[in-house]
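Could you put the whole structure together from the sequences, leaning on the hints where they help?
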Amino acid sequence: MVARRDARLRNIVRELRRDRGMSQAELAEAVGVTRQTVIALEKGDYVPSLLLAMNIAETLGRPIEAIFTKEVG
1 MVARRDARLR NIVRELRRDR GMSQAELAEA VGVTRQTVIA LEKGDYVPSL LLAMNIAETL
61 GRPIEAIFTK EVG
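According to the UniProt record's numbering, the residues represented by the sequence shown are 1 to 73, in order.
Source of the hints: derived by calculation from the structure; they are not laboratory data.
The calculated DMTMM-like cross-link candidates involving lysine to aspartate or glutamate, where the alpha carbons are at most 20 Å apart (straight line), are:
1) Lys70 to Asp45
2) Lys43 to Glu15
3) Lys43 to Asp19
4) Lys43 to Glu71
5) Lys43 to Glu26
6) Lys70 to Glu42
7) Lys43 to Glu29
8) Lys70 to Glu15
9) Lys43 to Glu65
Right, dumping it as structure tokens:
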């Protein structure tokens with residue numbers, strides 16, 4: 001199977017983080033990355049590793065597939 005080059009990973013990290021009353025710095029500390037990484041992730045400029053995505057999902061209390069989705073086109 002060939003990966004589509006025009007696919008993009010969408011996420012709702014910003015919305016879920018705000019719903020939980022967390023700052024970007026608090027989320028970053030909870031999952032072991034920098035605040036700049038969280039900013040880039042929320043803007044869609046950074047694709048997290050699977051382990052980081054799982055840690056974010058666990059921290060935000062949602063299944064990974066509810067947070068990260070593939071957008072094609």
